[in-house]
Structure formats: C-alpha cells, structure tokens
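**Student:** Chain residues, written in single-letter form:
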Amino acid sequence: MNSLKAKLPPMGTLGPFIALVVACGFFATQSDRFLSLQNFSLILQQVMVVGTIAIGQTLIILTAGIDLSCGMIMALGSIVMTKMGADFGLSAPVAITLGIGATALFGLVNGLLVTKAKLPPFIVTLGTLNIAFAITQLYSGSQTVTEVSDGMTWLGNSFRIGETNILYGVVLMLALYLITWLFLRETAPGRHIYAVGNSPEATRLTGISTDKVLLGVYVLAGVFYGIASLLSVARIGAGDPNAGQTENLDAITAVVLGGTSLFGGRGIVLGTLVGALIVGVFRNGLTLMGVSSVYQILVTGVLVILAVLTDQMSRKGAR
Amino acid sequence: MNSLKAKLPPMGTLGPFIALVVACGFFATQSDRFLSLQNFSLILQQVMVVGTIAIGQTLIILTAGIDLSCGMIMALGSIVMTKMGADFGLSAPVAITLGIGATALFGLVNGLLVTKAKLPPFIVTLGTLNIAFAITQLYSGSQTVTEVSDGMTWLGNSFRIGETNILYGVVLMLALYLITWLFLRETAPGRHIYAVGNSPEATRLTGISTDKVLLGVYVLAGVFYGIASLLSVARIGAGDPNAGQTENLDAITAVVLGGTSLFGGRGIVLGTLVGALIVGVFRNGLTLMGVSSVYQILVTGVLVILAVLTDQMSRKGAR
Amino acid sequence: MSTAPNAQSPLVIQAKGLVKRYGQVTALDGADFELRAGEILAVIGDNGAGKSSLIKCLAGATIPDEGEIYLDGQRAHFKSPIDARRAGIETVYQDLAVAPAMTIAENLFLGREIRRPGFLGSVLQVIDKKKMLAESIARMNDLKVGIRSMTQAVETLSGGQRQCVAVARAAAFAQHVVIMDEPTAALGVKEGNMVLELIRRVRDKGLPVILISHNMPHVFEIADRIHIARLGKRAAVVDPKHISMSDTVAVMTGAKSVDELPAQALAH
Amino acid sequence: MSTAPNAQSPLVIQAKGLVKRYGQVTALDGADFELRAGEILAVIGDNGAGKSSLIKCLAGATIPDEGEIYLDGQRAHFKSPIDARRAGIETVYQDLAVAPAMTIAENLFLGREIRRPGFLGSVLQVIDKKKMLAESIARMNDLKVGIRSMTQAVETLSGGQRQCVAVARAAAFAQHVVIMDEPTAALGVKEGNMVLELIRRVRDKGLPVILISHNMPHVFEIADRIHIARLGKRAAVVDPKHISMSDTVAVMTGAKSVDELPAQALAH
Amino acid sequence: AEPVIGLITKTESNPFFVKMKEGATAEATKLGAKLLSAAGKTDGDNAGQVTAMENMIAAGAKTILITPSDAKAIIPAIKKAQKQGVMVIALDSPTDPATAVDALFATDNYKAGVLIGQYAKAAMGGKKAVIATLDLFPGHPVGAQRHNGFLKGFGLTAPDAKSNNLGGAAAGVACMADSFGDAAKGQTGMENCLQKNPGINLVYTINEPAAAGAYKALKAAGKEKNVVIVSVDGGCAGVKDVGAGVIAATSQQYPLKMAAMGVAAGVEYAKTGKKVSGYTDTGVTLIADKAVAGVDSKDVKTGMDLCWGNK
Ligand SMILES: Nc1ncnc2c1ncn2[C@@H]1O[C@H](COP(=O)(O)OP(=O)(O)OP(=O)(O)O)[C@@H](O)[C@H]1O
Ligand SMILES: Nc1ncnc2c1ncn2[C@@H]1O[C@H](COP(=O)(O)OP(=O)(O)OP(=O)(O)O)[C@@H](O)[C@H]1O
Ligand SMILES: [Mg+2]
Ligand SMILES: [Mg+2]
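Chains as they are written, first to last, in this note's numbering: chain F, 1 to 319; chain W, 320 to 638; chain D, 639 to 906; chain L, 907 to 1174; chain V, 1175 to 1485.
It is worth saying that the hints were derived from the structure and are not from the lab. For glycine and all other residues, C-beta sits at the position ideal for the given N, C-alpha and C. Among the hints, erroneous ones may be present.
[As the list claims (entries may be wrong)] The calculated EDC-like cross-link candidates involving lysine to aspartate or glutamate, where the alpha carbons are at most 20 angstroms apart (straight line), are:
id : chain 1 : residue 1 : chain 2 : residue 2
1  : D       : Lys717    : W       : Asp351
2  : D       : Lys782    : D       : Asp766
3  : D       : Lys767    : W       : Glu505
4  : W       : Lys435    : D       : Glu859
5  : V       : Lys1254   : F       : Glu163
6  : V       : Lys1393   : W       : Asp351
7  : V       : Lys1336   : F       : Glu147
8  : D       : Lys828    : L       : Asp1153
9  : V       : Lys1370   : W       : Glu482
10 : V       : Lys1370   : W       : Asp469
11 : V       : Lys1393   : W       : Asp530
12 : V       : Lys1257   : F       : Glu186
13 : D       : Lys769    : W       : Glu505
14 : V       : Lys1236   : F       : Asp32
15 : L       : Lys1096   : D       : Asp885
16 : V       : Lys1285   : V       : Glu1176
17 : V       : Lys1393   : W       : Glu505
18 : L       : Lys1139   : L       : Asp989
19 : V       : Lys1253   : F       : Asp32
20 : V       : Lys1295   : V       : Asp1455
21 : V       : Lys1414   : V       : Glu1442
22 : L       : Lys1050   : L       : Asp1034
23 : V       : Lys1445   : V       : Asp1276
24 : L       : Lys1037   : F       : Glu186
25 : V       : Lys1208   : F       : Asp32
26 : F       : Lys116    : L       : Asp989
27 : V       : Lys1414   : W       : Asp351
28 : V       : Lys1204   : V       : Glu1176
29 : L       : Lys1036   : F       : Glu186
30 : V       : Lys1397   : W       : Asp530
31 : F       : Lys212    : L       : Asp989
32 : V       : Lys1254   : F       : Asp150
[What the hints assert, rightly or not] Beyond 10 angstroms from chain F on every Cβ pair, some chain L residues (computed):
id : residue
33 : Ala967
34 : Glu1012
35 : Gly1024
36 : Leu1039
Given the sequences, and given the hints that come with them, work out the whole structure.
**Tutor:** Here is the structure:
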C-alpha cells in the first residue's frame, strides 16, 4: 500500500551531488572568481549555521515529522548563551551549556507533545516556533547582545591551509555530519530512527518503543539547534534576536534537496549537506555573476527545480 | 503498513469545531466586545482571503502534496488583474479573468512538474514561490496598484442583515467551501482526490489516471488562488505586490488545524474553514483583550497547540 | 454453459519472451504465456518464481523490459493499468490494491462510480451512493462474507474480508479477462469455496480466468490447464486431468524435469 | 524431544472473557483461550471470526476492553507489544509488521540488533552488520527460500518471501511462546512445508506455538489441539486425532453445533 | 575596470528599498559603475546580509552600501570587510555605534516620528485623542523609533531613540497592532482596534500602505471622516494618498538620494582612494495637505516632486 514510497529508488547522495557539481560547473563558466578554494571556504562558512540546523531537521524528517521551530529555537539558544555571558558574567563553557540546554529543552517539549499528546509535528512546532520567538524577544528586549566573550566566538576563528582560511566552525559542522551519518548507519538507535519513519506500527510491533525513539530524536535535534546557536554567535559575533526567521524553510529545503523523503524513513544525512551547499552555491554564484537581487530570486526558483530534476534524472540513469 | 494512518480516527469537523467554540468561549469572558455578530462578521472578512487560499491548499494536501507557492501566486494574480485594468483599461471581468488565468497557469506549472517530472511538491512549489514572487515584483515595480475599478472591488461591498454588515466576498468564500465540500463528497472526481492521496498506487491500479487527478487538483487550486486574488483586491482596494508572503504557512495551518492529514487522503474541507476561523478568532480576541504584540505571538503559540489538543481529546471522547 | 475449452480455442492473451529485471534481480527471464478463450488457467510456482511479475505485465501494472504481448492476436502495448482495463482486463493484485481509508462500497466502484441519472450524473458527475451501496451488498453477499457495513473503511476489515473486496471488484467488472493473484490466500474454508464458485461462474459467462494460487487442491479442483512458473520462465503447461498433484509439485520445485512427464500430462 | 502435551500440562497462556469492540463492530465477544505448555494450538475460524483480534490481545498489540489474560498463571497486563516481547512472546502478524524500506537482515533483527563486541557495541551501540548478515542467511536458508540478497529492501520481495522474513524472525527470537497469524498463507508448497517443519522444531525446543491458519490439511497435520473461533467467541476446542476435517469445518461455519460432536472429539 | 559597488537592502519588496535600488542603479549607470544588489530574506535577516556582503566582496566590490537590518549584529561583518579595504556606508539606518561604518547617509526615524507626532497633536486641536498605532512587528528598530518618536512628538511619555520596545499603554495608547507594513494586515489590525475601542480618532501608521489599510477599515466602519491618520515614509503613492485626504500627513524620507550619494562616494573611492566619512542627514520633510499652525510642513505638490528623492 505504501507503493508510492516503494517506487522511489534507494536514496543516495549521488543524485544531489551531481546537481551540485553541475551547478558549480555552470557558475565556473560564468565567473572566474567562483572556482577558488577561498570561495568554497566562504560558501561553507555561509551554510554553517543552516547546515547544522538541517542535521537536526533531517533526523526529524526521517521519522516522518517536520520541525518549523528549528530556526527560532536556534535564535533563542544564541540569546540565552550570550546573555548568560553578558548579564551574569558566566564563563563561555557554562553559558554555552545553558544555551544548548535551552534548545534541548525546547526539543524535549516538541518531542513530548508529539509522543505523549500525539499531536501532529507540524502544529506542535508551529506553536513552539511562536513561543520561542516571543521568549527570545522578551528576554532580549529585542536588543542584539554584543558583549560576547572570545570563548564564545572561538569557532568563528580560522586556520590556514595554503592560501585558504578554514573556520573551526566549518570543521565542527562537517564533523557533526560525519558523526550523524555513522550514527544513523551503524548504530542500533540510528537504524530505529529509520524504522520508525518507515513504518511506525511495524516498529512498535517489533517491540521498539517508538515514543522513546521520537523523544530522543527531538531532543537530539534540539542539541543540534543549540550547536547552531553557538555557530551563529561565532559567525556574526553577537546574539541576534531576529535571527532564525527563515531557517526553517531553508533547512527543510536542504533536507529535501538532499534526497530525504518528507514521508520519512528514507534518506541520507550527507545528502542534506549537499542540499545546503546547493543553496549556498546558488546564492554565491549568482552574486558573483552580478545578477541583481530580484532576478536572483527568480533564478533561484528555477534552479531549485532544475536541481531536483537533475537528481531525478541521474537516478533514472542509474537504474 | 500504513498503520499510523490507520490508527487515526475517521476525521470529522467536530473536533476542530469544539476547539473553535472553546476559544470563542474564552474570549467572550475576556472581552465584552467579542461576542457580537458584527465582530464575527469582521473575523470572517479577515479570514476571507486566506480562507479561500486554504480551499486550494486543502485539495493539494488531500493528495498528499503541499503548496508553498499559494500566497505568492495569489499576489501575482492580484497584480495581474489590477494592472491589466489600470494599464490597458480592460473592463473588470476581462481583467479578473486574466488574473485568474495567470494563477491557474501557475497551478498548471506546479501540476506538470509534480506529475510529469515526478518532483516532490515541496520543492516544486518552493521554486514557483520564488518565481511568482520575482515576477510580481518585476511586473509591478514593487508599486502598489491603486487605480482599481469598482467592478473589481465589488466583492468588498457589504449588505446588511439586521445590524450586521456582511461582505459579498465572505458569502462567496462560504459558497466556495460548500461547493468544494459537496464536490469532494458527492462526485466521482472528488472521491478520486481522496483515493489518490490515500493510496496512489492502488488508485493507479484500479485504472484511474492519477496524473490527471493531480493535474486537475493543482489547476483547480490555482483557480482558488485567483479568486483569493480578487478577494484580496476587493478587501484592500488595491493590488498589493507585498501580499501573500505569509499566506502559505497560514493556509497550511488552517488545513492542519481543521483536521486534514498532511499524509493525504483524510480530511474534510469544512474543517479548514474552522481552522482558518480559529486563527482569525485568536488574532481578533487577543487584540480585543489588549494583549501586546509580542505576548500575542506567545499566546498564539500556546493556543494553537491547545486547539489541536482539544480536537484530539474530543475525538478520544467520541470513540 | 460454455463448452470446455480445448487446443483449438483461440488465444486470448499470448506473451512471448517476457523479461523483467529489478536491479540485479531478474524477476522474469524470457517467460512465455498463453491463455485460451473460456478457460481457467492456473499459474503456480515457488515463491519468487515470477508469477506476480508475469501478471503485472499482462495487466499493464509494470512494463516488461523485453518481450511481446498479444491480445486476441493483436500486439498490445499496455503503458498503464488504464490501457489494460480499457481492454476489459480486470485484476486482483496480491497486495490488494485498495484505498485503506475509503469505504468498501467506494473501493468496489473506484474509478467506475455509479452516477446519478441525468444532468447531475453526466455533467456534474455526482455519484449515486444509494445504488452503489445496494450493489455492494449484493456483490459481497455473493461471496457470503459476513461484513456488517459497506460504509466501513477497508482498513478496518480483517485480512480475508479485505481480499473479498478485491475479488468482488474484479469479478463484477471484467469484460474480457479476469486475473487473480492468490485470491484465496487469506480466506477461510467457506469463503475460499465461494471464490472458487465465483471463478467458475465468471468462466461460465465466457470469460477466461488466470488464477495464481499456492493451494494445490484448489488448483486441481478448478483449473483447465496449469501453467508452471519456475525461475522466471514457463517450465511447462500441464493438464490437471492427466497428471498427479505430486508430479506437478515436483516439476514446480524442480525435483522432476518436464521430459520425465508422460506426454499426455502436458497441455496444449 | 518433548513429551506430547496433555490435559495435565500447565497453562502457559490463559484468557477469560476477552471483549474487543471497534465502534459498532464487536471483534471479540467474550472469548476464552487456553494454551498449554509444549503444544501446537491451531486457531481456526471464518474470516472476521476474531482470530487476529484475539492474538493481538495476547501479544499486547491491542488492549482488550474487557477480560483477563494470565501468563503462567499470573495475571498479565500487556500495555504494549514491548511488554509481551519482554515476557518472551514472539508474534508473526497477519499484515507482516515489517519496515518496507529496510533490508531483510535489518528487519530480522529490528530492535534486537547484534552489537559489536566491547565498547563499540555496549556504549556506542554499533551494530555488527557482518554477523547479522551471516545469521540472516542461516535463518532464511532454514526456510529454503530462494532470496538472493539479504541486503535487499523488504519492499522488493515477493509476497511469500516477505512472509518468510516475518516467520524467521519470530522463530529465531522466541523465548516463551510463538504466535503465528497465517504464516503460510502466501507460501508455496515447498516453503509452506518448511514453515510447518520450523513450527515443529520450535515446539520440540519446548515452546508452545499458536498457529492461525485457514489451511485445514496443515492444521490437521501439525496441531495438537484446535481452537475453533466463531463470531468473536471460542466455539470449541477439538482434538484433531479424534475428529474429522469435515466435522471441524462444520463447527467452524456453524453448520453443526458442538453438542452434536462425540465427546472424545473435544480436547481438554 | 569599472568600479564594483554593492547595495544590500533589508528586503526585496518594500517599495522604500526598491526605490533606493532604483536610485543606485541610475547613478551607477551614469557614473559607469557596476552595481551588485542583494537583500535579506525578511526584515531582520542579519545573517542573509552578512552572507551577501561576503559574496559581494568575493565578487570584487570595493564599496558596500547597506541598510543594516540589525544595527549591532552587522558590525563584526562590517569590521571584517573594512579590514579587506572595503568602504562600508550605511544607508537609511545607522549602525550601533554609528561610527562602525565609514559614513552614514540616513534619515532620522525617531525625528520623523517626532515631526508627525507634533503634526498630529496640532491637527487634533485640543480634542481628546484616542490613539491607535499600527506598527511594524515586534523587535524591529525602525518600527520602534518611529512609534516612540510619534509618542514623543505628541507629548506623551516615550522611550528614547535607542529603545526597541514600543512605548504604549502607559502613554495612553488605546490600541496597538502590528501591520508588517502591509495594507492587508494593517486593515485587519485597524478593524480589530476599532472593535476594541470604537472611539479611536487618531491613527499612527508605520508607513503608507498600512495607512491605506487603516483607511479602508475606517471607511468600512463609516468613520473615515472623523479620524486623523498620520504616517511615515513619504512614498509617491503615500503622498498621493495625502492629497486624496486618506492620510492627513506623512514624514517624508529620501531613499533615492541616499543611494545616489552612496554610489557617487563609491565611485569616488574607486577612482581616488578617498573615503567619505561622517553622518549626512538626507532629511525629513513633513508633507501635509492642510498645514497646521506651529508645525512646518510642505504641501502635496512639493511632496510629489520630492517623493522619495525623485530630484
Ligand atoms: N519492485 C521490485 N524490486 C526488486 N525486486 C523485485 C521487485 N518485485 C519483485 N522483485 C523480485 O522478483 C522476483 C519475482 O517476484 P514475484 O513477486 O513475481 O514472485 P511470485 O512468483 O509472485 O512470488 P510469491 O508466490 O511469493 O508471490 C522476486 O525474487 C522478487 O524479490
Ligand atoms: N481496527 C479495526 N477497526 C474496526 N473494525 C475492526 C478493526 N480490526 C478488526 N475489525 C473487525 O473485527 C472483526 C474481526 O477481525 P479479525 O481481524 O480479528 O478477524 P480474523 O478472524 O482474523 O479474520 P481473517 O481470517 O480474515 O484474518 C472483523 O469484522 C473486522 O472488520
Ligand atoms: Mg506473487
Ligand atoms: Mg486475521
């Protein structure tokens, strides 16, 4: 009965990756500034925050859920950690822990409402999106927190390999992708996440506590949002209460572009990274080409569709 | 295997309706101005545009799709119809037809990409969202079109029953809900929409052209967005290129609050109307209570969750 | 009553050299197939022998990678189940293509709803729920299935009840050929016998039936000829009147080769 | 080898007056149930008689509205399948609870993955894919199913192959009781016999087995006692050695009442 | 090579910024420069602006013109750009501290609010004002500055120019609603406010589209004659509405001028290496159909000529 799902070819990251390569090839012919390590390093910096959020989003989408609150939770986390540092003079590690604790707590609330109250994730996270936004505004008084200690922005520093600057934050993001990929692939809890998304009832009947799996996923996603908070603070050097307003759609886009099914149970987290990079490459490449901003939006619309089309075609070819 | 779906109780509009009544009861105790026919008429006016968009959105979600582009398509439609009237002096019926034609065309593009290219609706409509937005901005030069003929704003006029003003546009919206409800319930194409969302493969195997059904749904949704364009022009008395930016989430929220499953095949369009009204009642009631805007957002978040919770509980009770 | 079909009966469906691959798995590996007018043809074979894959090709549900299909001697190109259905071929799929959230009556008539008379029905395509309900009750009674309400969602039915819905649908609407993939697998003794009875009735209306089944007593009770599928090919077509059940099973499982059978055991 | 179970064997599972209603439909209407140590108990009944509903209650998959369940004489309160599984009860569900996109090996070990030795396995919960694969091949070979690759997604399997996955899983992990809801329905002759063989082996390990089946020859071949379900109740428990198949079917379909049976036909 | 200049606005679709882009494009064409443009996704999207700035520098821009969405959060990115030899000019809104950029071509939003507040006070002519405000959305500095400036100009207690919190109930405002600067949402806000307090007779709006929405709501309630609507922005459509009597008065600002000045400075920098510095106030003019005693204002014709800096 799940036949539409059944029709989907086994997901790989190959399709999205081909789309990414094609996009890069295109921009390389359009701007001689595009193809440089420094520029790629820049793109990686730019997708660092949304890329990290998208890891958590991938986990949730794999369970056939969706999280609209991710960006706002991220903003809340960055305000909590910066204000804890600024107002109470807490040391960076303590303040960061509190910030991540706050995002994990929000994840827990999402998870409890999804599992215990059995509410649809869309509505739950729509609710917590608003709640997190309001708390962020109230707590920060809508003021950007600029007193940020060095310890909190350390991830925004970079080291050099040859001519290229590489941000520690980017390395962290890449490491998180790798770890999550291994976790999903090689560990029992990771496989249970797929199972829950694939067929919740079958998973329940095999004696796995689907509630525990879901709860774990939402909390874990919250932790990822918290790490994204930290990366965001590191990147812009401040706690920004207005951050995170479009990150939910951006993150979901990265997940879907990366080949993960919104119906759950199918997808690879590395694809999400590729999806996030596709968006970053578009934005960067179009600016380098000097496309004016309204036209950028137009072209982005077309390119997003072309990207999944390429993905689709490359899969057909592979069959 | 679709057992999570199978676990859902048969959907009715009763649950959301109870949530609506509870919300109204709450606000009635908080503000003595809330419970008046005139105020309800006002709320209906305020949800008229998003309510009409949400009809199209319901159809698409019933087929297990999703449409992010709905609001932007609506904005495009209102710009096309007002500019056609203003620039070429076309009569209202002609200009309106062209506007609805434009939105239907966008629906067709969405539908073709979903059926022929087999792309996920989320990505397709994310793409066309950007495209429609850019075209709207370019075509209108980001300028509001204020020269609007009376024929185009006629639906914004009202008639009186007793002390209460009722907008023609509101009557139109209610009529559309009724017609769509009957269509989905009583006609063969309507039932096929449920079947496609319920089990696309089974529907295909019984010899229904699922592509035709889907294509029809997307075009029909486009027509609803076009009617919403007209209602928007009638309501604000101008063609606004900045309209429609939040209507996609609002419409999806109305659909989900109304009890339609995002997994397709289950739901009742009248529930969507109730869902849209719930959102409208919150906004109206909170303003009447004098809740300041940040707190409104906070309370909205909590109330949205409470609304589905009420819905959930009332269903359990009914079993 | 129809006359018994024989080697002279015209071929209704013929397939030559069908090949269907899924990745590395070859489900059909050059399978031939012949269905004669007015006969009940049983298709048997081990699990994974390619029976479902074969009939999916005949029903337009999948498109074979190679090979040809002829319908009444004409080359047929089924691009989708719609094409096959238009040609009057009705199929009961093994995984029971039903829409779980819809009612029994709706599933029975899906894609062929009874419309109201006049303008309402022809232009507005309004369906006649009452009539559909009455018809559904009649059809399901034929199968003696104790289902309380036709407006129950199919997902609330027991496994066997669900199968009856699919069988009733195919039998009711077939114009030309009926294909049934393990229609009695989930059925009780009584219900299984009713389905066999139904198949006979369909045949007596003059329509040929393809019956896939693992139930040998059923097969021997009802089939005019038996197509034995093995490893994606047709191993043999045998005549149940001139072969024993154990020989048939032996051929099916590969314990015996076709050459070892007496000539009369083979059907033509 | 175990000794044949008899009326003195202790009750492993006992249920009294189970009631389960779905809206207006009463699936179970005061059903009793008894399973003795070391026996194979067949449960038979018409479609919709409430067999699946009954065993779902025993397996914790649904919670009965009324009635009591005892496990080894102790009142059991299964709130979820996890509870039943912890008590060592393994179940093959009629709709084959498998995760379609996951591989055969993963489905076999779902929730009981083999972990790597040491820190990796105990703390990081890293699974041992190689070992799981090897084990899967061994288990599936037991059933003589020709599946080419254990890393194939279950959704690509034929109906029968899928059923074998579910059966193999239950047989492999049962500690206390095995429940099988129509495990041979989609199986070929050969594969069906392998499953019967497997059931016997499970019994010989000392575990009692509940077998729901519509296949009377299978039931009579293997069952120690037969529980006949009818209209949501237990109509009778009969002894296959002292009753004919046709009498059994007559009771099952309501053509004969229990009182008309000879006393020795009833099992205790 | 031609000088490359980047313009980063808060959003794509706000007519104010569209006008700004128009001005920049025209000036760039005139002076033979290449203009890159980008915008945040939403108002308040700081990260998007940072990304745009980085990409523009990668594309070779030596001057960045930016209307900062977040006065503080953008500063580290500006510092980074300046380190790479890029001149950064803030348009329309200052950074905090304002000295973080090389130069600021802007208007004072608080002052614009004060002006319109003073006008409103005079226009009410001693009648007791029942005030509704249709603001931007929570947390937005421009929304807060204009709103608080209005309160101040009207003679009510108001937070200072730095605050991002709206002074409200304490100051005696009858109803506050968010309009998102949009006609439809402005209309909804006004309708709900009227329901809350039918006696409202003075409406302040964040910009003219919101004012148009408010007017529509008032008209539907048959109250448009007795209510004074004041606004800030001064777009051509808005000034037209002033002429039509929809809006009593508006504080006009000049985005086109800011942009043109910015581009000129950028070209100058590319040619001579000379940076501009300091704050240039591009001014605020009160445009009113009916002048009121004690408050300086220009008439609609002047407003149309100047609208958003046409000249
Ligand atoms: N969609 C698919 N993807 C990959 N392999 C498939 C697919 N469908 C079928 N197969 C494989 O093709 C082979 C034949 O399958 P088929 O369903 O035709 O067998 P069958 O004879 O009907 O078996 P059964 O009696 O168990 O129903 C099997 O090995 C199966 O795994
Ligand atoms: N979730 C449900 N909702 C509503 N009715 C149900 C549900 N599950 C089962 N039923 C009904 O309960 C009755 C008993 O169903 P059950 O599945 O136990 O029968 P069964 O004896 O297993 O039949 P079969 O041999 O066909 O599998 C049937 O009439 C069925 O329609
Ligand atoms: Mg099969
Ligand atoms: Mg059953």
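**Student:** For L/Leu1039, which was marked as not at the interface, is the minimum beta-carbon distance to chain F over 10 angstroms?
**Tutor:** The claim holds: L/Leu1039 sits with its nearest Cβ about 14 angstroms from chain F, beyond 10 angstroms.
**Student:** Is it correct that the beta-carbon of L/Glu1012 has no partner in chain F closer than or equal to 10 angstroms?
**Tutor:** violated (6 angstroms)
**Student:** Given the hinted pair V/Lys1254 and F/Glu163, is their Cα-Cα distance within 20 angstroms?
**Tutor:** holds (18 angstroms)
**Student:** For the pair supplied as a hint, F/Lys116 and L/Asp989, confirm whether the alpha-carbon distance does not exceed 20 angstroms.
**Tutor:** holds (18 angstroms)
**Student:** Does the structure keep V/Lys1393 and W/Asp351 at a Cα separation of 20 angstroms or less?
**Tutor:** Violated: V/Lys1393 and W/Asp351 sit about 24 angstroms apart, past 20 angstroms.
**Student:** Keeping to a limit of 20 angstroms between CA atoms, is the pair of L/Lys1139 and L/Asp989 held or broken?
**Tutor:** The hint is violated at about 25 angstroms.
**Student:** Can you confirm whether the C-alpha distance between V/Lys1204 and V/Glu1176 stays at or below 20 angstroms?
**Tutor:** Since the Cα atoms of V/Lys1204 and V/Glu1176 sit roughly 12 angstroms apart, the hinted pair holds (cutoff 20 angstroms).
**Student:** Is the Cβ of L/Gly1024 more than 10 angstroms away from each Cβ in chain F?
**Tutor:** holds (14 angstroms)
**Student:** Given the hint that V/Lys1370 pairs with W/Glu482, test it: the Cα-Cα distance must not exceed 20 angstroms.
**Tutor:** holds (18 angstroms)
**Student:** Sort out whether F/Asp32 lies within 20 angstroms of V/Lys1208, counting only the CA atoms.
**Tutor:** Holds, at roughly 16 angstroms.
**Student:** Decide if the proposed pair is consistent with the structure: D/Lys767 and W/Glu505, CA atoms, cutoff 20 angstroms inclusive.
**Tutor:** Status holds; Cα separation ~8 angstroms.
**Student:** Decide if the proposed pair is consistent with the structure: W/Lys435 and D/Glu859, CA atoms, cutoff 20 angstroms inclusive.
**Tutor:** Since the Cα atoms of W/Lys435 and D/Glu859 sit roughly 47 angstroms apart, the hinted pair is violated (cutoff 20 angstroms).
Comparing the model with each earlier hint shows violations of hints 1, 2, 4, 6, 10, 11, 12, 16, 17, 18, 19, 20, 21, 22, 27, 30, 33 and 34; every other hint is respected.
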